[in-house]
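For reference, the chains in residue letters:
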Amino acid sequence: MDWILNNFWLVPLLPFVSFWAILFLGKRAPYKGAEIGIGALGAAWLASAWAAVAWIRRPTVGTGDNAIRHYIEHNYTWFTDGHVKVTVGFHADGLAVMMLVVVSTISLLVHVYSTEYMRGDIRYTYFFAALSLFTCGMYVLVTAASMLQGLFGWELMGVCSFMLIGHWWEDQANSNAALKAFFTTRTGDVGLLVGISILYFAAGQTFNWERINEMALKGQIGHTLLFWAAIALMVAVIGKSAQFPLHTWLPDAMAGPTPVSALIHAATMVVAGVYLVARTYGVFWVAFSIGPHTHAHHGVNILAIVGGVTIIIAALLAFVQDDIKKVLAYSTVSQLGYMVMALACGAWVGGIFHLFTHAFFKACLFLGAGSVSHSGSHHSFDMKKDMGGLKKYMPTTYWTFVIASAALAGIFPLAGFWSKDEILLSSGRNGYWWFMGVGIVGAMLTAAYMTRCIYLTFHGEYRGHGHPHESPKAITVPLIILAVLSVSAGWLNAFGLHYFADWTRNEVFVLAQVKDYPFSVPLAASALGLAIVAAAFAGYFYVREEFKLRGFTERSALARAGRDFLVNKYYLDHLYTGIIIKGIREPLAQGAYWFNQNVIDAVVNGVATYTKVVAGFVYNGIDQIGIDGAVKGVGAGAESGGQSLRTLQTGKVQQYAAILFAAAVLIGLGLVLFT
Amino acid sequence: MLLNQFLFLGAFLFCTGVYGALARRNAVLVLMSIELILNAVNINLVAFGAFKNNVAGQVFALFVIAIAAAEVGVGLAIVLIIYRNKRSIDITQVDSMKG
Numbered sequence: 001m002d003w004i005l006n007n008f009w010l011v012p013l014l015p016f017v018s019f020w021a022i023l024f025l026g027k028r029a030p031y032k033g034a035e036i037g038i039g040a041l042g043a044a045w046l047a048s049a050w051a052a053v054a055w056i057r058r059p060t061v062g063t064g065d066n067a068i069r070h071y072i073e074h075n076y077t078w079f080t081d082g083h084v085k086v087t088v089g090f091h092a093d094g095l096a097v098m099m100l101v102v103v104s105t106i107s108l109l110v111h112v113y114s115t116e117y118m119r120g121d122i123r124y125t126y127f128f129a130a131l132s133l134f135t136c137g138m139y140v141l142v143t144a145a146s147m148l149q150g151l152f153g154w155e156l157m158g159v160c161s162f163m164l165i166g167h168w169w170e171d172q173a174n175s176n177a178a179l180k181a182f183f184t185t186r187t188g189d190v191g192l193l194v195g196i197s198i199l200y201f202a203a204g205q206t207f208n209w210e211r212i213n214e215m216a217l218k219g220q221i222g223h224t225l226l227f228w229a230a231i232a233l234m235v236a237v238i239g240k241s242a243q244f245p246l247h248t249w250l251p252d253a254m255a256g257p258t259p260v261s262a263l264i265h266a267a268t269m270v271v272a273g274v275y276l277v278a279r280t281y282g283v284f285w286v287a288f289s290i291g292p293h294t295h296a297h298h299g300v301n302i303l304a305i306v307g308g309v310t311i312i313i314a315a316l317l318a319f320v321q322d323d324i325k326k327v328l329a330y331s332t333v334s335q336l337g338y339m340v341m342a343l344a345c346g347a348w349v350g351g352i353f354h355l356f357t358h359a360f361f362k363a364c365l366f367l368g369a370g371s372v373s374h375s376g377s378h379h380s381f382d383m384k385k386d387m388g389g390l391k392k393y394m395p396t397t398y399w400t401f402v403i404a405s406a407a408l409a410g411i412f413p414l415a416g417f418w419s420k421d422e423i424l425l426s427s428g429r430n431g432y433w434w435f436m437g438v439g440i441v442g443a444m445l446t447a448a449y450m451t452r453c454i455y456l457t458f459h460g461e462y463r464g465h466g467h468p469h470e471s472p473k474a475i476t477v478p479l480i481i482l483a484v485l486s487v488s489a490g491w492l493n494a495f496g497l498h499y500f501a502d503w504t505r506n507e508v509f510v511l512a513q514v515k516d517y518p519f520s521v522p523l524a525a526s527a528l529g530l531a532i533v534a535a536a537f538a539g540y541f542y543v544r545e546e547f548k549l550r551g552f553t554e555r556s557a558l559a560r561a562g563r564d565f566l567v568n569k570y571y572l573d574h575l576y577t578g579i580i581i582k583g584i585r586e587p588l589a590q591g592a593y594w595f596n597q598n599v600i601d602a603v604v605n606g607v608a609t610y611t612k613v614v615a616g617f618v619y620n621g622i623d624q625i626g627i628d629g630a631v632k633g634v635g636a637g638a639e640s641g642g643q644s645l646r647t648l649q650t651g652k653v654q655q656y657a658a659i660l661f662a663a664a665v666l667i668g669l670g671l672v673l674f675t
Numbered sequence: 676m677l678l679n680q681f682l683f684l685g686a687f688l689f690c691t692g693v694y695g696a697l698a699r700r701n702a703v704l705v706l707m708s709i710e711l712i713l714n715a716v717n718i719n720l721v722a723f724g725a726f727k728n729n730v731a732g733q734v735f736a737l738f739v740i741a742i743a744a745a746e747v748g749v750g751l752a753i754v755l756i757i758y759r760n761k762r763s764i765d766i767t768q769v770d771s772m773k774g
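As you go down the protein sequences, you meet chains Z and Y in turn. Per the working numbering, the first sequence runs over residues 1 to 675. Per the working numbering, the second sequence runs over residues 676 to 774.
No lab work stands behind these hints, which were simulated from the structure alone. These figures come from a predicted structure and were not determined experimentally. Among the clues, some could well be false.
Computed cross-link-like contacts, DSBU-like style, restricted to lysine-lysine with a CA-CA straight-line distance of at most 35 Å [stated by the list, open to error]:
1) Z:Lys-326 to Z:Lys-391
2) Z:Lys-326 to Z:Lys-32
3) Z:Lys-515 to Z:Lys-391
4) Z:Lys-632 to Y:Lys-761
5) Z:Lys-515 to Z:Lys-473
6) Z:Lys-326 to Z:Lys-392
7) Y:Lys-773 to Z:Lys-652
8) Z:Lys-652 to Y:Lys-727
9) Z:Lys-392 to Z:Lys-515
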């Protein structure tokens, strides 16, 4: 039964093999490579499900909140360099198995969905190959036992997201978005490299995650060192998980095909940052003094601040988007802020539980938006121009979208309710009251902007010019499955149930004494109440004609200024491209030009003049007299030598033999006489 | 052990061979003279082998005999080609390589 946990390498191998298979055989396959990808992902899903069952069946050790299942880890030597041995290994524990289940489920559904959504695309086969490799990258990250190996998966995802976001690269905007995503996340990756290097040396030359966590928690690594390592890793998380202030790439990444957006936002890529925090939790726990406030504090919890700021900033941005996918994108940024804040406030289970539930309803929302554009709005994502009133044309899409939105808004009893509540509860109980407040405000904003989004897309009059109809089965079936999961996934850790916590709790959790609190009805009820009020308020705003948002901003200068500020995304893009990049690029260009004109040219001219003088001397003195003389001399010498020696060449064999014997006799005589 | 007698025999055979190889005009006789030289060497090898009570000398001699057979094969083939071209096996007439 434990075979799969002992052979974890199998899971990343499957999509890796399918990537090459699709690349080489895909074009000739009857379904152009899609069946290879779906087959491999199906197998990976079975392996993940098997791993989950095997993991749950493992015996627990310890009692109560300390009851854990021991992880299984196998390491193989990758290479040795002197006394440094670098290993490659596979680490199976609750967190990794949970991630595998999420990634496999979402990726499999996205593959199926893509067969219809991408039908007739010019790079259909290539698209499936990239999807496989993308999934492989996430698998590599979550199964890795060492940070170095994790880095491989991390970067693999970076490359694949570049390829997939820029899938329709003929359009300049798409290729720019791909470049932006790649460069922004690369900025964060520098932090990851620095963090890994610091931890490698701090932990006595090991990349092993488990070992680094253990040393950090047992106080075997100095606090200052850990703090800077955590800061560096935090930069990586900010880049990859699109936290403020590097969140700007994620909404632009909407340029990619919608299934890719679903995959990026739900299961891979952006949750990699959250996973990194959860996996290196020991480091963050000590460096930022995350524990409950009763403990001695000597660190600033910057990570919680980043998460909290991201929740609010992204949620506000979601209100002014006309593009349905951008609403969802900012929503993802906001929810990732939740996860990061949760982990930073000591709600380890809450954070990864939210990752788990969020994957299902966010994938459902993205695929729903894709379904709307595929069959309802003629490939447009503009809610104001091309949508509206789609409820009666696309009932399946509508209802799955509503269920997923309710789950996202944290409506009882859907998935988001339980995970969001777990976060609010734990952060409050750990003494992070401010962040709990931020979380509640974020939940209200979420409910409000999702109401706006649903209203604009599905209610009112149809404003598009196409012939809206329901999408085919390949699209609706994944939507229904995801909607069911959006309803049910939360019950793993609901009122009185704590399966999820029991299954994922690991050694780090126990060593750090992370607290897990029981469900609290008053808090959950008040958060739910506030979310419903916010949703009702937003709904009222749109249903009543006279309260249209446009009229409101025209009447109030303050509201208009606020809206402009949001529409321009806090002017962050201006800051990055207009001020930072321009500020670096232009003086740099000027400086480079001056340097080119004055220094390099002078050097080049000087060198040229000098070279000319030297060359003249070399030609006349050395080349003509010295070298030519030598060459001619050798020729003449060889000729005269040959002339004198030719007399020896008689052609008579016996004469040669006589000379040979004479020489032998002379040598023999010499040997006899002189020794 | 009478080593000297064998060495003298070898020296005599060697000198005979050298004379034949240098002075004879008939190519086949030149080849036979070379065989004499090789046999002189063989006698020396066996004689020293017996003198030193070491079997390596005889083994070496066997190798020389084998190689001599091959060498004669090649030599006779060359003589045959020369005969075909020149209708004679007089070795002094083969001097087209004169410089």
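Quiz item: Has the given pair, Lys-326 of chain Z with Lys-391 of chain Z, been kept, meaning a C-alpha gap of at most 35 Å?
Solution: holds (21 Å)
Quiz item: Does Lys-515 of chain Z pair with Lys-473 of chain Z here, judged by a C-alpha cut-off of 35 Å?
Solution: violated (45 Å)
Quiz item: Would the pair Lys-392 of chain Z and Lys-515 of chain Z pass a check requiring their Cα atoms to be no farther apart than 35 Å?
Solution: violated (48 Å)
Quiz item: Within 35 Å, alpha carbon to alpha carbon, are Lys-652 of chain Z and Lys-727 of chain Y?
Solution: violated (42 Å)
Self-check item: Pair hint outcome, Lys-326 of chain Z versus Lys-32 of chain Z [Cα-Cα no greater than 35 Å]
Solution: Roughly 31 Å separates the two Cα atoms, so the pair holds.
Quiz prompt | Satisfaction of hint between Lys-392 of chain Z and Lys-326 of chain Z, Cα-Cα up to 35 Å | solution = Holds. Lys-326 of chain Z to Lys-392 of chain Z sits at ~24 Å (cutoff 35 Å).
Quiz item: Taking 35 Å as the top limit, are the C-alpha atoms of Lys-632 of chain Z and Lys-761 of chain Y close enough?
Solution: Distance ~43 Å between Lys-632 of chain Z and Lys-761 of chain Y Cα, so the pair is violated.
Quiz item: Holds or violated: Lys-515 of chain Z with Lys-391 of chain Z, Cα cutoff 35 Å?
Solution: violated (44 Å)
Quiz item: For the pair supplied as a hint, Lys-773 of chain Y and Lys-652 of chain Z, is the alpha-carbon distance within the 35 Å limit?
Solution: The given pair, whose Cα atoms are some 8 Å apart, holds under the 35 Å limit.
The structure fails hints 3, 4, 5, 8, 9 (numbered hints given earlier, in ascending order).
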